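Work out the full structure, taking the sequences as your base and the hints as a guide.
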Amino acid sequence: MILAVVLIVIVVGSVVFHFLNPWMLTELASHWGSMDAMLHISFLITGIVFVAVTLFMAVAIIRYRHREGQRARFQPDNRKLEWWLISATTVGIVALLAPGLVVYSDFTRVPSNAMEVEVFGEQWRYSYRYPGPDGVLGYADIRHIGAGNPLGLDPTDPMAMDDVVVHDDVLRLPVDRPVRMMLRSKDVLHGFFVPQFRAKMDMVPGMVTHFWFTPTRTGRFEVLCTQHCGLAHYNMRSHVEVMEQDEFDAWLREQETFGQSLAAADNDEAPDDLVAMGRSLADSEGCLACHSVDGSRRVGPTWLNLYGSEVTLADGSTVTADEPYLRRSIQEPGAQVTAGFSPVMPAYSFDQDEMEALLAYIRSLSEDADQE
Amino acid sequence: MAYVPSADAHAHDEPQSFVTKYIWSQDHKVIAIQYSLTAIAVGVVALVLSGLMRIQLGMPETDLVDASAYYQFMTLHGMIMVVYLLTALFLGGFGNYLIPLMVGARDMVFPYVNMLSYWFYLLSVLVLMASFFVPGGPTGAGWTLYPPQAITGGTPGAGWGILTMLVSLAIFIVAATMGGLNYVTTVLQARTRGMTLMRMPLTVWGIFIASIMALLAFPALLVAAIMMFLDATLGTSFFMPAIIAMGREMPHEGGSPLLFQHLFWFFGHPEVYIVALPAFGLVSDLISTHARKNIFGYHMMVWAIVIIGVLSFFVWAHHMYVSGMNLAFGFFFAISTLVIAVPTAIKVYNWILTLWQADIHLTVPMLFAMGFLVTFVVGGLTGLFLGNVVVDIPLADTYFVVAHFHMVMGVAPILVVFGAIYHWFPKVTGRMMNDTLGQLHFWITFLGTYAIFFPMHYLGVMGMPRRYYAYEDYAFIPQSAHDLNTFITYAALAVGVAQALFLYNMFWSAFYGRPSGGNPWRATSLEWQTPDTPPKHGNWGEKLPEVHRWAYDYNVPGVEQDFIPQTEPRPDSGPPHDRQHHAGEGRS
Amino acid sequence: MSFWVDRSHPERGTIEPSRTGDRWPGPPERPKLAMRGLLVLLVPLTSLFGLLISAYLMRRHMGDWQPLPLPWQVWLSTVLLVLSSAGFEWARRAAAVGWVDDVRRGLLAAGLLALAFLGSQLWAWQQLQQAGLAVATSPSNSFFFLMTGLHALHLVAGLAAWFRTRSVVAGKADPAAVQSMVQLCAWYWHFLLVVWLALFGVLLFVA
Chain A
1 MILAVVLIVI
11 VVGSVVFHFL
21 NPWMLTELAS
31 HWGSMDAMLH
41 ISFLITGIVF
51 VAVTLFMAVA
61 IIRYRHREGQ
71 RARFQPDNRK
81 LEWWLISATT
91 VGIVALLAPG
101 LVVYSDFTRV
111 PSNAMEVEVF
121 GEQWRYSYRY
131 PGPDGVLGYA
141 DIRHIGAGNP
151 LGLDPTDPMA
161 MDDVVVHDDV
171 LRLPVDRPVR
181 MMLRSKDVLH
191 GFFVPQFRAK
201 MDMVPGMVTH
211 FWFTPTRTGR
221 FEVLCTQHCG
231 LAHYNMRSHV
241 EVMEQDEFDA
251 WLREQETFGQ
261 SLAAADNDEA
271 PDDLVAMGRS
281 LADSEGCLAC
291 HSVDGSRRVG
301 PTWLNLYGSE
311 VTLADGSTVT
321 ADEPYLRRSI
331 QEPGAQVTAG
341 FSPVMPAYSF
351 DQDEMEALLA
361 YIRSLSEDAD
371 QE
Chain B
1 MAYVPSADAH
11 AHDEPQSFVT
21 KYIWSQDHKV
31 IAIQYSLTAI
41 AVGVVALVLS
51 GLMRIQLGMP
61 ETDLVDASAY
71 YQFMTLHGMI
81 MVVYLLTALF
91 LGGFGNYLIP
101 LMVGARDMVF
111 PYVNMLSYWF
121 YLLSVLVLMA
131 SFFVPGGPTG
141 AGWTLYPPQA
151 ITGGTPGAGW
161 GILTMLVSLA
171 IFIVAATMGG
181 LNYVTTVLQA
191 RTRGMTLMRM
201 PLTVWGIFIA
211 SIMALLAFPA
221 LLVAAIMMFL
231 DATLGTSFFM
241 PAIIAMGREM
251 PHEGGSPLLF
261 QHLFWFFGHP
271 EVYIVALPAF
281 GLVSDLISTH
291 ARKNIFGYHM
301 MVWAIVIIGV
311 LSFFVWAHHM
321 YVSGMNLAFG
331 FFFAISTLVI
341 AVPTAIKVYN
351 WILTLWQADI
361 HLTVPMLFAM
371 GFLVTFVVGG
381 LTGLFLGNVV
391 VDIPLADTYF
401 VVAHFHMVMG
411 VAPILVVFGA
421 IYHWFPKVTG
431 RMMNDTLGQL
441 HFWITFLGTY
451 AIFFPMHYLG
461 VMGMPRRYYA
471 YEDYAFIPQS
481 AHDLNTFITY
491 AALAVGVAQA
501 LFLYNMFWSA
511 FYGRPSGGNP
521 WRATSLEWQT
531 PDTPPKHGNW
541 GEKLPEVHRW
551 AYDYNVPGVE
561 QDFIPQTEPR
571 PDSGPPHDRQ
581 HHAGEGRS
Chain C
1 MSFWVDRSHP
11 ERGTIEPSRT
21 GDRWPGPPER
31 PKLAMRGLLV
41 LLVPLTSLFG
51 LLISAYLMRR
61 HMGDWQPLPL
71 PWQVWLSTVL
81 LVLSSAGFEW
91 ARRAAAVGWV
101 DDVRRGLLAA
111 GLLALAFLGS
121 QLWAWQQLQQ
131 AGLAVATSPS
141 NSFFFLMTGL
151 HALHLVAGLA
161 AWFRTRSVVA
171 GKADPAAVQS
181 MVQLCAWYWH
191 FLLVVWLALF
201 GVLLFVA
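Chains as they are written, first to last, in the numbering used here: chain A, 1 to 372; chain B, 1 to 588; chain C, 1 to 207.
Quick caveat, the hints were computed from the structure, so don't treat them as lab data.
What you are looking at is a predicted structure, and each value in this text was computed from that prediction instead of being measured.
Some clues are possibly wrong.
The list that follows gives simulated cross-link-like pairs (lysine-lysine, BS3-like), each with its CA atoms no further than 30 Å apart [to be verified]: (1) Lys21/B with Lys32/C; (2) Lys543/B with Lys21/B; (3) Lys32/C with Lys536/B; (4) Lys543/B with Lys32/C; (5) Lys21/B with Lys536/B; (6) Lys32/C with Lys172/C.
What follows is the structure, encoded as structure tokens:
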């Protein structure tokens with residue numbers, strides 16, 4: 001009897017919770033309202049079944065709970081009822097599936113006027129690429145990745161020359177224009193998800209995946225990784241800024257193209273500036289994915305003001321972050337782990353010049369701070 | 001190899017020494033208990049891990065676990081619950097104990113292989129536990145072990161941890177195969193006189209079909225595990241494309257991470273039903289027995305199990321709608337997935353129709369069965385969201401998925417496990433479990449898990465991604481969601497602690513419980529008709545039982561007693577003699 | 001077996017009378033059980049090799065695939081395995097009619113041929129290694145080593161059974177037991193032959 005009451009409370013409570021809880025969908029910012037509609041249809045149909053089944057149980061328990069002398073009815077089956085139930089279920093399933101597949105076929109068909117934008121994922125940050133005036137993303141492969149070419153664009157592909165690479169910055173999209181996101185990954189599986197856009201897709205190394213949507217309102221939204229990609233998966237994030245078309249065009253025009261940055265790199269070949277070389281090395285080797293240079297906490301300790309500071313190690317002892325310490329931490333990361341961080345950094349072996357450059361860069365991050 | 005007596009007349013000789021009786025035992029009942037206790041022990045580990053994860057999610061300020069420990073706990077929790085607890089408990093525990101007793105056999109047909117199966121299982125568990133102590137700790141790749149990240153440096157335990165996990169899985173698969181071989185062959189070959197396939201209790205049907213599925217599905221995991229092992233150790237490129245991980249080029253080229261996902265889910269989805277089908281079977285028998293009514297639509301129930309078993313091999317890629325596979329596959333897998341809802345719905349209808357016009361005894365096993373129904377209905381219905389490809393796209397990899405699969409293949413089967421343990425405990429030990437503690441355990445577990453997982457769906461609808469160590473500074477996640485997370489953690493800890501009631505009850509009752517007699521629930525199926533309780537080695541004494549009817553003769557019209565055991569002969573053959581029931585004549 | 005309860009006699013209080021009870025084959029008997037057990041075992045093995053082949057076919061479509069020049073030794077292996085299987089068939093037929101000497105000869109020949117098969121496979125491996133085609137050199141190599149390796153492992157397990165069978169035959173055991181064991185070995189060998197032919201065919205024709 002208590003059970004029947006509890007079941008009724010669960011039904012009523014669940015329905016009330018559904019309508020009153022504050023954690024429903026975020027405000028839609030893409031044209032995928034049809035996905036939201038499908039979600040609500042699903043809630044409606046399954047909600048009816050849930051209420052019906054649970055209330056039926058409650059009534060059955062109230063009416064047929066054991067009393068002295070009670071007998072159950074011997075009823076092996078009931079063909080008519082079962083056919084009826086199977087039919088009703090099938091109708092319900094079709095009601096869910098048919099509109100769902102219609103919407104899905106929209107999802108699989110990218111409009112021909114969609115703008116292509118590339119998202120490039122690596123542990124644990126996003127970069128972006130725009131096709132430039134020719135509207136075509138140039139060929140890229142991770143084999144071409146190197147200093148000054150973090151996304152691995154093919155330097156011999158003319159289509160790549162006008163591409164605009166956005167590294168360590170937000171994704172900008174024009175409003176009301178279909179966009180086809182081309183997804184690539186440098187290392188492991190990642191996901192690209194903006195809750196307000198609804199659509200998402202995994203990013204798979206070795207292939208290009210894609211999905212499309214049309215942003216429908218301007219604003220700044222968060223980009224999250226939705227496919228477990230290692231230790232800092234939870235912290236792999238970025239932002240997308242949806243803006244008016246002319247604003248977007250103006251911004252894009254100002255950006256340096258890949259061709260321009262190649263030419264610039266050719267001009268000052270072999271940067272004699274040790275710090276600049278260190279920075280580019282830290283970027284291309286992926287150091288900056290874990291070590292911030294602005295003091296924010298990522299997977300590893302920040303490099304801002306690291307040099308010369310007192311570091312508390314996992315075993316409680318302290319050590320000064322001088323050059324030998326940094327050198328050792330790069331070559332044998334597991335030896336002296338900073339308290340509060342996981343020992344996940346792989347060992348790196350740089351040659352003498354590279355190491356000097358890297359250390360110079362790290363040192364510069366402290367000196368700059370001192371001067372300010 | 002141990003010899004199975006082929007003639008009825010010979011009862012088994014009891015093994016004499018403690019070691020042969022309880023350690024190197026070939027008796028299916030002892031092996032079942034070994035399997036169950038090991039699975040429960042490893043389940044406690046998984047429970048503790050989930051508690052630690054919940055503390056991090058609900059109270060991040062405690063700083064109890066760091067990110068790498070969090071991912072390791074998450075992985076181990078998932079893998080243990082799905083494989084080492086539920087699969088092992090349903091097939092190795094319940095399958096081992098109940099199949100021979102329910103079909104009227106003296107033992108499994110290959111007792112020696114059965115014993116080996118347990119020892120391999122134990123070995124796999126020990127290897128798994130050893131991964132806590134290898135350099136770098138256990139793998140933190142998530143229970144799906146997706147490459148490349150499972151074997152690249154940015155994931156905790158990417159060296160030793162993942163290799164230990166793969167080895168442990170391979171050993172487990174060997175154990176499961178040896179077990180499955182026994183369960184299938186026993187059901188096919190060792191049924192007693194009169195036990196036709198369509199007279200078997202649904203428990204046997206569920207475990208039988210699940211065992212066949214395990215035989216077909218686990219090789220997919222084995223193939224995937226071997227290939228990943230080679231990728232990690234010899235540098236092959238089955239799954240590994242050319243990548244630059246943590247700033248270093250890896251020595252791979254051209255491999256396909258999606259190939260792993262296909263193989264994994266070709267195992268992984270049937271695996272869901274390998275856990276669910278035994279639960280379906282067990283719960284059918286619990287409901288029928290405690291509602292004192294035949295299971296409604298028995299034939300339909302059997303066919304539903306078979307159809308679900310077959311269909312479950314054609315739906316795997318619904319786990320991969322947003323994996324980057326060819327989008328056209330989505331149409332096929334959405335349809336096949338939603339088709340599977342029909343036989344599943346039939347089972348739910350038949351369970352609740354069994355309650356109609358019944359004589360419901362709300363015993364502890366029955367409470368758990370009812371709890372299962374509610375939980376399973378919620379979990380099954382949310383499955384319709386995720387199976388319908390376009391609804392899945394926004395919900396994939398969010399807390400909606402977490403809530404869904406915990407409801408449908410976590411909590412629901414676990415409630416059946418509890419119900420079934422309360423139900424069959426008297427047969428295993430000859431003693432009843434304590435009723436008050438059982439009721440308390442049920443209410444905390446049922447309401448607690450509902451409070452944990454029902455609201456969790458809405459966090460997913462909002463877009464909260466799963467497998468996150470922390471949710472700091474996400475603008476779209478309001479403070480209220482963090483508060484809900486804290487609430488869920490309290491509920492989870494309460495449920496976790498409440499399991500101590502169950503463990504205490506189980507161990508205490510095994511020694512001090514009220515003696516139960518041979519058939520405390522007045523049930524019809526064969527295992528309750530053994531000459532001894534607990535059944536002795538060989539189960540049936542001098543003579544194998546003979547079966548004369550199905551397992552669901554409850555409240556047969558005209559028969560005074562409200563159940564007729566399967567062994568009860570019809571007064572004579574042929575229909576006219578059955579008429580006497582209608583005349584109200586009692587039976588001896 | 002039907003979807004519905006038998007309603008032909010609605011007056012019956014209980015359903016589904018014992019229609020098939022008389023056809024009970026009796027309690028399980030050892031040789032028959034072992035045979036059924038083996039057949040059930042072939043289910044996961046079929047699944048294993050079938051999935052391996054599916055994985056091969058899927059992996060083949062990736063861009064970096066290069067066909068593997070099969071070493072000529074695999075042809076020799078194939079012949080050896082066919083002969084080995086034939087040896088077991090000979091022993092099986094001899095056991096069925098109780099010709100113990102033929103059983104012994106057949107078993108010996110079959111086992112030695114199986115060992116020769118393994119040797120030939122190893123030779124093929126060595127040949128590839130020498131040609132600079134190691135496990136990780138290219139994906140088709142990896143599959144070749146994986147497929148042949150897994151198949152060879154199962155054959156080695158079969159050789160353990162073969163060894164036991166030989167000692168049983170030598171021990172002049174009861175003919176029924178001999179017949180059963182030889183039959184099991186023969187069936188397992190035929191199965192491994194079919195698996196090998198399937199793998200070989202895939203490697204040969206779908207390179």
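Okay, the hints, checked on the actual structure:
| no. | hint | in the structure |
| --- | --- | --- |
| 1 | Lys21/B with Lys32/C | 28 Å, holds |
| 2 | Lys543/B with Lys21/B | 22 Å, holds |
| 3 | Lys32/C with Lys536/B | 26 Å, holds |
| 4 | Lys543/B with Lys32/C | 22 Å, holds |
| 5 | Lys21/B with Lys536/B | 11 Å, holds |
| 6 | Lys32/C with Lys172/C | 21 Å, holds |
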